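Engineer: Sequence:
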Amino acid sequence: MNMTDAQGANAELSAKRAQWQEWARQQFSGDEAQIQAAADAALRAALGGASSREAAAAAREAAASAGATPVSGGGADHGSGHPPSPGGGPPATTPPPGYDAAITRPSARPPWYRRPLVLLTIGVVVVLLIGLAIWGISSHLTGPSTPGTSVVPATSSTQQPTTKRTRKHKSTSSTSPTPSATSSVTVSTPSTSP
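The opening position of the sequence shown corresponds to residue 296 in my numbering, with each subsequent residue numbered one higher.
Rather than coming from a laboratory, the hints here were simulated on the basis of the structure.
None of the values given here were measured: they were computed from a predicted structure.
Be careful, since some hints might not be right.
Derived DEER-like restraints, expressed as beta-carbon distance ranges [to be verified]: (1) 339 with 405: 16 to 24 angstroms; (2) 424 with 352: 30 to 38 angstroms; (3) 420 with 317: 42 to 50 angstroms; (4) 365 with 434: 51 to 59 angstroms; (5) 349 with 324: 19 to 27 angstroms; (6) 436 with 362: 54 to 62 angstroms; (7) 309 with 362: 51 to 59 angstroms; (8) 422 with 326: 24 to 32 angstroms; (9) 437 with 409: 38 to 46 angstroms.
Idealized CB from N, CA, C, for every residue including glycine.
The whole structure should be built from the sequences, with the hints applied where relevant.
Structural biologist: Right, here's the structure in full:
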């Protein structure tokens, strides 16, 4: 950058500053320091790539924090209460040497909340968090679950009728009486009938 380019940039910056100061004087009442704070905030926003409306909003915030009050019908005497355009003063007749608008002009990227991929990612994360919360609450309310089958012990018993059995033994002697035997059987088994 040579000396004439630097002088041209300084002159353009001074012109923009003067425009924003004039706009701030029309919009706000207060001492010069408050108006200067509003104009500087607007100039910083405009140089940062903000639109003239965004720069004016920054100036209003700075003026409110500095204690300046808005003038009712500000700018009506000049017929315009609109802030100066971000371009500033009159356009240059010839661009400086080596100037390429495609390279030096910042790309207008949309804000992060307007990008579809970011919105989609945020949506997926929110859905996953809601799902995890529902799963956690439902598993907490139902209690611990044990896999497998539960075993129920059989408590019923069946009793079969007792029968008397008599056995006759053949004896070789005729004098002995015939012995008789009695038995009773109790069996407990689980029921298998339908």
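Engineer: With reference to the structure, classify each hint as holding or not holding.
Structural biologist: So, going through the hints one by one against the coordinates:
no., hint, in the structure
1, 339 with 405: 16 to 24 angstroms, "22 angstroms, holds"
2, 424 with 352: 30 to 38 angstroms, "34 angstroms, holds"
3, 420 with 317: 42 to 50 angstroms, "48 angstroms, holds"
4, 365 with 434: 51 to 59 angstroms, "58 angstroms, holds"
5, 349 with 324: 19 to 27 angstroms, "23 angstroms, holds"
6, 436 with 362: 54 to 62 angstroms, "57 angstroms, holds"
7, 309 with 362: 51 to 59 angstroms, "27 angstroms, violated"
8, 422 with 326: 24 to 32 angstroms, "54 angstroms, violated"
9, 437 with 409: 38 to 46 angstroms, "42 angstroms, holds"
Violated hints, in rising order: 7, 8; the structure is consistent with all others.
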